[in-house]
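**Q** Using the sequences and the hints given, assemble the complete structure.
In the UniProt record's numbering, the protein residues as written are 1 to 558.
Rather than coming from a laboratory, the hints here were simulated on the basis of the structure. Any given hint might turn out to be false.
Unchecked claim - Pairs of lysine-lysine residues, derived as DSS-like cross-links and limited to a Cα-Cα distance of at most 30 angstroms, are as follows:
no., residue 1, residue 2
1, Lys230, Lys96
2, Lys261, Lys229
3, Lys164, Lys230
4, Lys230, Lys327
What the hints assert, rightly or not - What follows is a set of in silico ranges between Cβ atoms, one per label pair, in the way DEER data are often shown:
no., residue 1, residue 2, range
5, Gly329, Arg104, 46 to 56 angstroms
6, Asn30, Glu220, 27 to 37 angstroms
7, Leu281, Glu507, 39 to 49 angstroms
8, Asp18, Arg433, 13 to 23 angstroms
9, His162, Ala134, 15 to 25 angstroms
10, Trp330, Asp397, 17 to 27 angstroms
11, Leu281, Met1, 50 to 60 angstroms
12, Lys164, Asp18, 55 to 65 angstroms
13, Lys164, Lys287, 27 to 37 angstroms
14, Lys96, Pro47, 35 to 45 angstroms
15, Arg50, Ala233, 42 to 52 angstroms
16, Arg50, Lys86, 39 to 49 angstroms
17, Leu77, Asp484, 51 to 61 angstroms
Values in this document were obtained by computation on a predicted structure and should not be read as measured data. Just so you know, even glycine gets a beta-carbon here, dropped at the ideal spot from N, CA and C.
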Amino acid sequence: MSAEIVIHNARILTMDDDHPRAEAIALTGNRIMAVGGNAEILALAGPMTRVVNAGGATVLPGFNEAHMHIFGGSVSLGELSLFGVKGFDALSKAVKDYAAANPRLPLLVAQTADYTILSETERVTRHHLDRIIADRPFLMLAPDHHTAWANTKALEMGGILHGKDVGVGNEIVMGEDGLANGELRETNAIRPVASMGVTGGRESLGVGTGGEPDHVTAEERAGDIEVLKKGLAYCASLGITSFQNMDGNLYQLEMLDEIEKTDGLAVRVRMPYHMKNFMPLSDLKEKAAAWKARFDTDKLRCNFVKLFMDGVTEGETAVFVDDYAHKPGWKGDPLFSSNSFNAVATEANRLGLPVAVHAIGDGAVRMVLDGYEASIRTNGRNDMRNRIEHIEVVHPDDIERFAETGTVASMQPTHPPGSAGLPLEPYLTYIGRERWPYAFAWKTLVDASATIVFATDWPVSPLPPLSCIGDAMTRQPWAEDMPDHRLSLEETLTAYTRTSAWVEYMEDRKGMLKPGYLADIVVISGDIEATAPENIATLSPVLTICDGRVTFEAGGDR
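**A** Next up, the structure:
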């Protein structure tokens with residue numbers, strides 16, 4: 001039998017320890033047929049075989065983005081990006097130009113606005129935004145999506161100018177005049193304004209409530225599907241063949257299922273059941289387990305539970321063991337009590353559902369580790385592959401507990417202040433210098449035998465995996481006496497491929513390039529091993545294949 005696709009003259013990094021390198025690879029159907037030398041693989045080509053000359057470039061297993069938000073990210077592709085914008089004048093010009101180019105948008109939305117977009121010391125208020133645009137509602141989100149700023153028009157139309165009770169861990173910041181000052185902390189505070197957007201805020205429901213839209217017309221649903229298709233195509237253009245979403249609801253699952261049954265998904269999707277603190281424990285059996293049974297293919301799976309334990313440091317909603325350095329007496333409020341989270345982790349694991357928890361501060365990280373230990377005491381040491389997402393600060397007493405409990409560290413090399421264009425402040429001041437050595441400490445966790453996966457948290461950070469890989473290898477310490485957290489190319493690629501497949505129980509069929517495995521492959525534009533780490537971001541995918549189908553191609557055959 002002839003191969004359908006042959007890629008040769010390549011530097012193949014298989015991520016398979018038994019056969020780490022090869023020159024060529026053959027594909028048939030949705031599987032890898034053979035991996036080996038140029039001559040033996042080219043012999044498998046027939047008259048109908050597509051033969052791709054990689055020109056000496058690197059070929060890898062398709063990237064597996066272990067933490068992102070597909071619906072919100074897809075919507076953000078059509079919104080204003082403020083990435084790299086600094087100062088009031090630059091902000092004003094960007095917003096006014098966007099408003100002029102989009103006169104019919106019901107809500108103007110901007111993404112990736114740094115907390116220090118005005119200056120190192122001046123915090124954004126509605127008054128600043130009113131000076132830029134006062135006659136149309138405007139919402140501006142921080143890169144982490146846990147804080148936003150709205151002008152007066154948006155606050156009025158959202159019904160929150162005079163404040164509102166938005167629940168524990170959320171806040172509409174009030175000004176001295178008794179009115180909202182424009183800063184909105186966490187999803188419950190942001191949602192009243194965000195829901196006025198062109199999508200009705202449907203893209204944020206998977207994060208905010210885990211619930212479904214109240215009413216969606218056929219036209220709106222069709223529009224949402226088209227938005228998702230654009231996001232999926234964008235993922236494929238970056239060499240991504242799998243991603244693990246970190247928000248979930250049935251609305252997204254059913255749209256993705258429809259795309260798979262019509263056009264076919266360009267990327268494999270793993271979605272969670274999003275458990276919120278107001279949901280009864282019975283939902284895990286009645287909904288999460290039912291969704292796991294309903295969506296269970298190699299292209300679309302729903303087989304884990306996602307939770308938020310805290311918020312973010314810059315918004316003062318992260319939870320720490322000790323006080324914030326700049327705010328004595330404040331440690332942050334967790335979104336779950338210890339008892340309630342322990343019960344969720346234990347019941348989810350009992351049902352065969354791994355758990356992934358957003359935990360930024362070391363206090364939140366500790367609570368999650370405690371919950372996983374509670375699950376082990378009840379359920380035994382089952383192969384659950386539970387995770388903690390972000391781990392921006394870990395207490396030194398908890399470092400060894402990751403390996404002890406089998407907890408996966410899911411981290412984002414694009415997130416440390418000073419990396420990927422992010423400012424150092426206010427983060428460094430808020431956590432205080434004593435915690436600096438334990439912030440974004442992925443090398444420390446790796447050295448302590450923790451299992452690690454990498455991702456970007458898109459749209460919180462830019463999505464390109466090659467840029468993220470470069471960030472992991474080039475991160476600079478904040479001071480001369482700080483630890484060096486850079487990882488090697490092999491460690492970083494492993495976190496983006498083989499280990500990311502392992503964490504979702506698919507290590508037997510993806511994450512490596514070996515015969516019989518799924519045909520998920522990326523060909524990049526150069527030799528990644530010969531490229532200096534600081535230049536890896538200049539490389540780009542030229543061919544992406546998912547499930548044996550070409551999902552992206554730049555410039556034809558190489």
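**Q** If a hint holds in the structure, say so; if it doesn't, say that too.
**A** Against the structure, the hints:
Taking the CA atoms of Lys230 and Lys96, the gap is near 26 angstroms; set against the 30 angstroms cutoff, the hint holds. Annotation: proposed proximity of Lys261 to Lys229 holds, straight-line Cα distance about 13 angstroms (limit 30 angstroms). As the CA atoms of Lys164 and Lys230 are separated by approximately 36 angstroms, the hinted pair breaks the 30 angstroms bound. For the hint linking Lys230 to Lys327, the alpha-carbon distance of about 43 angstroms lies beyond 30 angstroms, and the restraint is violated.
Range check, Gly329 to Arg104: Cβ separation about 48 angstroms, and the 46 to 56 angstroms hint holds. Range check, Asn30 to Glu220: Cβ separation about 33 angstroms, and the 27 to 37 angstroms hint holds. A C-beta distance of roughly 30 angstroms is found between Leu281 and Glu507, which places it outside the suggested range of 39 to 49 angstroms. Separation of Asp18 from Arg433 is about 46 angstroms and departs from the stated range, judged on CB atoms against 13 to 23 angstroms.
As the Cβ distance of His162 to Ala134 is approximately 18 angstroms, the hint placing it in 15 to 25 angstroms holds. Judged by the Cβ atoms, the range 17 to 27 angstroms given for Trp330 and Asp397 holds: they are separated by roughly 21 angstroms. In this structure the supplied range 50 to 60 angstroms holds for Leu281 paired with Met1, their Cβ-Cβ distance being about 52 angstroms. Checked against the hint of 55 to 65 angstroms, the C-beta distance between Lys164 and Asp18 comes to roughly 59 angstroms, which is consistent with it.
Distance hint for Lys164 and Lys287: a CB-CB separation of about 28 angstroms, consistent with the stated range 27 to 37 angstroms. Taken as a hint, the range 35 to 45 angstroms is violated for the pair Lys96 and Pro47, whose Cβ atoms sit roughly 59 angstroms apart. One distance hint, 42 to 52 angstroms for the beta-carbon pair Arg50 and Ala233, is violated here, with the actual separation near 21 angstroms. Distance hint for Arg50 and Lys86: a CB-CB separation of about 47 angstroms, consistent with the stated range 39 to 49 angstroms.
Distance hint for Leu77 and Asp484: a CB-CB separation of about 35 angstroms, inconsistent with the stated range 51 to 61 angstroms.
Against the hints set out earlier in the document, violations occur for numbers 3, 4, 7, 8, 14, 15 and 17.
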